[in-house]
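Take these sequences, add in the hints, and give me the full structure.
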Amino acid sequence: MSKERTRCREKVLMYLFQQELGQNVEVDFDDFSLQAQAFAHKLYESTLYFRNVADAIISKFSKNWRLDRIGGLERNILRMAIAEMFAFEDIPPGVTVNEAVELAKKYVSPEAGRFVNGILRNIVRNWDEILKIREEYLNVVREN
13 MSKERTRCRE KVLMYLFQQE LGQNVEVDFD DFSLQAQAFA HKLYESTLYF RNVADAIISK
73 FSKNWRLDRI GGLERNILRM AIAEMFAFED IPPGVTVNEA VELAKKYVSP EAGRFVNGIL
133 RNIVRNWDEI LKIREEYLNV VREN
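When we follow this note's numbering, the leftmost residue of the sequence shown carries the number 13, and every step to the right adds one.
Because the hints were derived from the structure by calculation, they are not lab data. Please note that the accuracy of each hint is not assured.
[To be verified] Within a straight-line C-alpha distance of at most 30 Å, the following computed DSS-like cross-link-like pairs (lysine-lysine) qualify:
hint : residue 1 : residue 2
1    : 54        : 15
2    : 23        : 117
3    : 54        : 23
4    : 15        : 118
5    : 118       : 23
6    : 118       : 75
7    : 75        : 23
8    : 75        : 117
9    : 23        : 72
10   : 54        : 118
11   : 54        : 72
12   : 72        : 118
13   : 117       : 72
14   : 117       : 15
15   : 144       : 75
16   : 117       : 54
[Unchecked claim] Computed spacing ranges between beta-carbons, pair by pair:
hint : residue 1 : residue 2 : range
17   : 154       : 114       : 33 to 39 Å
18   : 49        : 140       : 17 to 23 Å
19   : 141       : 106       : 15 to 21 Å
Virtual Cβ for every residue (Gly too), placed ideally from N, Cα, C.
Set out below in structure tokens:
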């Protein structure tokens, strides 16, 4: 399942990036097993759901980098990794970070992999603070 999950993450990333570019996206994960389809759909929906809080977290932990200066692929890789850590508590954060780093290296550059790794490692080290930020976000969403 792990190689298939890697392929799911790649496909989710492409859909997120296309959507950010303003393209009409029709999400289709039918080429995966049923279990992988469920993972991919949940990851995609979670990334959209947690986008605003992920952006706030990225902004907080990306020292000297405004969110709009971070490349679109890197930004979506970071959003997706944060959403994965929020939505899939059964996946160890180290696995999520490693997958995100590999995506950045594959689709952007080795430097992007190091950038993504630095931000995500900082987020994981400050996980209690991250959970408070998420909870505040969820409270605001519930109130509206």
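Do the hints match the structure? See the list:
Restraint check for residue 54 and residue 15: satisfied, since their Cα atoms lie roughly 17 Å apart, inside the 30 Å limit. Simply put, residue 23 and residue 117 have alpha-carbon atoms about 16 Å apart, close enough for the 30 Å limit, and the pair holds. Among the hinted pairs, residue 54 with residue 23 is consistent with the structure: their alpha-carbon atoms are about 13 Å apart, no more than 30 Å. This hinted pair checks out: residue 15 and residue 118 have alpha carbons roughly 15 Å apart, not beyond 30 Å.
A distance of roughly 13 Å separates the Cα atoms of residue 118 and residue 23; the hinted pair therefore holds under the 30 Å criterion. Under the criterion of a C-alpha separation no larger than 30 Å, the hint pairing residue 118 with residue 75 is consistent with the structure, at around 24 Å. A C-alpha spacing of about 29 Å is found between residue 75 and residue 23, which places the hinted pair at or below 30 Å, so the restraint holds. For a cut-off of 30 Å, the pair hint linking residue 75 to residue 117 stands: about 20 Å separates their Cα positions.
Proposed proximity of residue 23 and residue 72 is supported: the alpha carbons are some 27 Å apart, at most 30 Å. Distance restraint check for residue 54 and residue 118: the Cα-Cα separation of roughly 23 Å lies within the 30 Å cut-off, and the hinted pair is therefore satisfied. At most 30 Å may separate the alpha-carbon atoms for a hinted pair to count; residue 54 and residue 72 meet this at roughly 25 Å. A C-alpha spacing of about 25 Å is found between residue 72 and residue 118, which places the hinted pair at or below 30 Å, so the restraint holds.
Of the pairs offered as hints, the one joining residue 117 and residue 72 holds, with about 23 Å between alpha carbons and a cut-off of 30 Å not exceeded. Note on residue 117 and residue 15: the hinted pairing holds, with a Cα-Cα distance of about 17 Å set against a maximum of 30 Å. With a C-alpha separation of about 20 Å, the suggested pairing of residue 144 with residue 75 holds against the 30 Å cut-off. Distance check on the hinted pair: residue 117 and residue 54 sit about 24 Å apart at the alpha-carbon level, within 30 Å; holds.
Checked against the given bound of 33 to 39 Å, the beta carbons of residue 154 and residue 114, roughly 35 Å apart, stay inside it. Taking the beta carbon of each, residue 49 and residue 140 are about 33 Å apart, not inside 17 to 23 Å as hinted. A beta carbon spacing of about 19 Å between residue 141 and residue 106 agrees with the range 15 to 21 Å that was offered as a hint.
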